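Peer 1: Below are the chains, spelled out letter by letter.
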Amino acid sequence: MKDFTDEQKERAANLKGLGSSRKRVEDARFTQGKGNYVDDIKLPGMLHGDFVRSPYAHARIKSIDTSKAMALEGVVAVLTAADLAPLNLHWMPTLAGDKQMVLADGKVLFQGQEVAFVVAKDRFIAADAVELVEVDYEELPVIVNPFEALQSDVVLREDIADKKEGAHGPRKHHNHIFTWEVGEEAATNDVIENAEVVATETVYYHRTHPCPLETCGSVASMDKVNGKLTVWGTFQAPHVVRTVASLLSGIEEHNIRVISPDIGGGFGNKVGVYPGYVCSIVASIVTGVPVKWIEDRMENLMSTAFARDYWMTGKIAATKEGKITGLHCHVTADHGAFDACADPTKFPAGFMNICTGSYDIPTAYLAVDGVYTNKAPGGVAYRCSFRVTEAVYFIERMIEVLAIELNMDAAELRRINFIKKEQFPYQSALGWEYDSGDYHTAWDKALKAVDYEGLRKEQAERVEAFKRGETRSLMGVGLTFFTEIVGAGPVKNCDILGMGMFDSCEIRIHPTGSAIARLGTISQGQGHATTFAQILASEIGLPADSITIEEGDTDTAPYGLGTYGSRSTPVAGAATALAGRKIRAKAQMIAAYLLEVHDDDVEWDIDRFVVKGAPERFKTMKEIAYAAYNQAIPGVEPGLEAVSYYDPPNMTYPFGAYICVMDIDVDTGVQTIRKFYALDDCGTRINPMIIEGQIHGGLTEALAVALGQEIAYDDMGNVKTGTFMDFFLPTAWEVPNYITDHTVTPSPHHPIGAKGVGESPHVGGVPCFSNAVNDAFRAFGLRHTHMPHDHWRIWQTANKLGLHD
Amino acid sequence: MIPASFDYHRPSDLEGVLALLKEHGDDARVIAGGHSLIPMMKLRMAEVPQLIDLQAIESLKGYSVNGSHVKIGAMVTQHELINSDELAAVAPILRETSLQIADPQVRYMGTVGGNVANGDPGNDMPGLMQCLDATLHLIGPNGTREVAAREYYEAAYVTAREEDEVLTAISFEAPKGGYAYEKQKRKIGDYATAAAAVTIQKDGGKVASASIAMTNLSDTPVWSEAAGNALVGTTCDAGAIKVAVAAMLDDIDPTEDNRGPVAFKKHVAGIILTRAITRAWERA
Amino acid sequence: MSKKMHINLTVNGEHHEFLAEPRELLIYTLRERLNITGPHIGCETSHCGACTVTLNGKSVKACTMFIAQADGAEITTIEGIGSPDNLHVLQRSFREHHGLQCGYCTPGMITRASKLLEENPNPTEEEVRFGMAGNMCRCTGYQNIVKSILAAASEMNAAKEAAE
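Line by line, the protein sequences are chains R, Z and A.
Numbering of the first sequence is given in the working numbering, commencing with residue 1 and proceeding in unit increments.
Numbering of the second sequence is given in the working numbering, commencing with residue 1001 and proceeding in unit increments.
Numbering of the third sequence is given in the working numbering, commencing with residue 2001 and proceeding in unit increments.
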């Protein structure tokens, strides 16, 4: 904007376009309690569904007696697998090419699995009826450890026991799902064998859960008169739900309308298709009246969409000077009872092959083995692009371990291995093309901002004081430099159940110069109604305040793959910009006609076309819009609309530098975050206020995961962390204030240079908190300790190091 | 999470409560703030066919302070304890403890009586009341009786209170000297990993008397006479504290749960107690 | 099914009388019987505070109260805190300082914050964090919520001073 006149700057500011910290349009309804979430939907005659769930992690079902439940006044139906089998709906396909029981078919495979679906007049009667369904179980041996699963004679998935081929190639064992390999195995082994230094470590990223504050739910309404099915639900991808519902039910897709109303947070939990959705639909088809299903919190934590559960073993090779020469990674991935990962189809381990991180590593190899266990299915991308959190955690831990091996400063080790600015676009050894980056600049800025050298000096002094017995507190400096891979993705290699991962935007300009734009994505708190209007405002020159953004209704929105993996801005945001440019192209013809000059003689100026060299002669977009509808223009169709379907040429690669300063009470294991600095580079910044909010939120989710949040099972497969007493969600009291900062390195292939930001703080935050804990004990010989770093595990680490003696 | 059905009663006096308890026997439970009982009912882990709400009984409300004698009605909430300057002046450990319980909303509802009476080992007030050598006032079909807090707890959820009795009040002599309630927890809203209530009286630079109890480290709160005695006559130096801690560690019997294994809990119990004693001594 | 009770309730100044099973949780009464859907259900075990309302002058979690217990009570929900033409300072402040994202916790947050500022009109940041610890948010990391509440307190105090 530096070349703009004051008058132009004012006009640009009035648009509240790119770069404006525009206040959110969503907030009026949310602050007044007028949001419309799925449980707020109430239809005449609506019934309520509730599940009978398995108390066992592995058991054969000998019989189900629903008679007492059916006898309860107000109970309308009790569905079991036997009822769904004739419709072929007792199993459903997962997003990962596996299939999953909708209702237990012969046996149960995890605690909390859906066994029967009770439909009653209200949720109280439904809950009472659930207690009256009698299920006779015969307990079977339980396997909760993936390594044990691969050795065990116990067959978890009897339905596919004989299948030697899975959706992703050969299966090595009856509890094995797939092996996924990327890179050069022989070459990598060769580099490691001949390396001057090799660091080896196994890093476990524990099982956790996205746990949005709103649980999952749906309301299905089958209108038998018109043959139309309408489904409201907590869907991060409503169009995918419509297509799946059509394929499963046989109802033609035009007769199905899927609506995502306001969503109370998603974080990946609401990408998958769950038995509850299917059962509410079936129940509505069976009963002919609307049926609501709302998960309670225990059901949410026990049965829908876990995340992580990756055992990652790495070998990293380097020269004595610290130049990394090779990386080998093997993952044992615990997928639970069904392979229900929400990954693009060709990527059974998501984008785990981004695990070379921000470093120029010439040779690398990755192999992932997916395994069945008696745990809930899922494997969703919890506030990250597919398995990117795992990848970044892995490499950022390996870097720290290598620094210990080399007796080097970990910040310096990173610096000498970063991909250099001039190497972009950069081809990674594991197959990605990083679009743009300037890692050294970001790193230097971050280190300077926190006075890194001063911190190390203070830390060394603390260690000495500790050794002298003057303090029982240690200090950790957590470092992380992460590169994300988001914006899935190019249709040539990214699809979900065969549907290419493009996204879309459709714009209608109204005659008086306001507009509505509809997208294939769906906000769950990201503020799309605010930010997409900003993209458009800058493209078409109408004020963001005059542009309505609508998402989530498949009858009106163009087809899109939804919102997860930070894909909205990279994909739908690009579609929005390009649809806007189509509007502008037509507007240019109209303006030229109105100004009585040739098309090429007008040029765009913020909110108007002006005659070149005669800026006093212009037509604003508002005037053009009116003319488009009200004036006969030779050779130009009336109206001003555009649609864009955008197939991204590449992913985008946001990056950032995070530094955490933590104090650790060695005696109690209590950690205190003294400072957290987060520098993010998400390319072009659309709304700095919203970006900052995303960073705060993602860091807090990262804090939770790193410091205590887990889905833990006992040996019997019982979930130990089924309520908020034990599943750690921090409150305002446990969370620090964060310092945010940024650099801007636009994406060269994105129409506005934006890369996406929502997930970066989680991806970068988890290793940063974890590295701080590990770093605090480095001076006492610690190489690695597993997350979550709750009090007792930190205490145990200190104890093993002899710090309590 | 939907509880099973029940009948609800809101008697206006204690006679009404006792009559209902007599009529319904095992089927009846009294409810005060409900923040222990209602979640259990919602999870269908507690079945309560007859629920007797104490909210309308005026005689259970309010507190009195006569010199150093403090008597607190069973229905006084933690919020009231925190906001009473009178109580904070005479027994500041009440406020210090109450602030460690749950969260603001829960403290508006959570009562002293509920926290003390039901024998949940995770509750903070029982340990505090043992430390203060409080007296629990019960009423039943045979009239009133008093039980010392130190005699009240038998096992998890098993107490000296008969099923047809109701806790009406708690009384104690306000401690003189220093005090501390120290609690380690995983987060707001959590029960203690370890918590310690300590009062110390000082005379001539030495400990004249000390009382020490700990929370959530056994199936009952643990008041350790030996731990308190270990400090008496000392200057509360590191050596003395060590002896007191060792005495307490002999008396507790923690079990493993999501907060951690036994060895950790014992270690933390020692640390938390050391800190509580130190703080109480500084204030003595 | 147990005997239904005759319930009297005043919500946001409006009186309601109806028959209900005692076990009906207050949150369901509000949301389903009275169509007051601002308060939400998040955890159901009285940890998250999404269901927070003001009941007889106390901040309470409506998921952990039976309608029988609330019989006779006066309740204020987010719907009674401000109106579109006359927003509460907190409602404006949360928007101004980006104190919300998905909006699910927001009604409980603002309802609780209004009570907090009533009891402590000039809180420190620490007091806000402690006083809001019964309300969980998964989106914002709390930083802007705290900022919103502190800003609202300043504005309310300034308005009070100006009026005096």
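These are computed hints drawn from the structure, not numbers from a lab.
Honestly, I wouldn't trust all of these hints.
To be verified - In silico DMTMM-like links for lysine to aspartate or glutamate, alpha-carbon gap of 20 Å or less:
#	chain 1	residue 1	chain 2	residue 2
1	A	K2003	Z	D1120
2	R	K23	A	D2085
3	Z	K1185	R	E73
4	Z	K1187	A	E2125
5	Z	K1242	R	E73
6	A	K2004	Z	D1053
7	A	K2003	Z	E1080
8	A	K2058	Z	D1027
9	A	K2058	Z	E1058
10	A	K2004	R	E73
11	A	K2003	Z	E1023
12	Z	K1185	R	D726
13	Z	K1185	Z	D1085
All values reported here derive from a predicted model rather than from experimental measurement.
Peer 1: Against this structure, judge whether each hint is valid.
Peer 2: Now for the hints, and whether the structure bears them out:
The hinted pair formed by K2003 (chain A) and D1120 (chain Z) fails the criterion: a straight-line CA distance of about 31 Å is larger than 20 Å. The suggested pairing of K23 (chain R) with D2085 (chain A) holds, with an alpha-carbon distance near 18 Å, which does not exceed 20 Å. Only pairs whose Cα atoms come within 20 Å are accepted, and K1185 (chain Z) paired with E73 (chain R) is rejected, the gap being roughly 45 Å. Between K1187 (chain Z) and E2125 (chain A), the direct Cα distance comes to roughly 18 Å. Compliance with the 20 Å bound is thereby established for this hinted pair.
Our distance criterion of 20 Å between C-alpha atoms is broken by K1242 (chain Z) and E73 (chain R), whose separation comes to about 65 Å. Under the criterion of a C-alpha separation no larger than 20 Å, the hint pairing K2004 (chain A) with D1053 (chain Z) is consistent with the structure, at around 16 Å. Between K2003 (chain A) and E1080 (chain Z), the direct Cα distance comes to roughly 34 Å. Violation of the 20 Å bound is thereby established for this hinted pair. The suggested pairing of K2058 (chain A) with D1027 (chain Z) is violated, with an alpha-carbon distance near 30 Å, which exceeds 20 Å.
For a cut-off of 20 Å, the pair hint linking K2058 (chain A) to E1058 (chain Z) stands: about 18 Å separates their Cα positions. Note on K2004 (chain A) and E73 (chain R): the hinted pairing holds, with a Cα-Cα distance of about 16 Å set against a maximum of 20 Å. Under the criterion of a C-alpha separation no larger than 20 Å, the hint pairing K2003 (chain A) with E1023 (chain Z) is consistent with the structure, at around 17 Å. For the given pair, K1185 (chain Z) sits about 11 Å from D726 (chain R) by alpha-carbon distance, which is consistent with the 20 Å threshold.
Between K1185 (chain Z) and D1085 (chain Z) the alpha-carbon distance is near 27 Å, which puts this suggested pair outside the 20 Å criterion.
Checked against the numbered hints given earlier, the structure breaks hints 1, 3, 5, 7, 8, 13 and satisfies all the rest.
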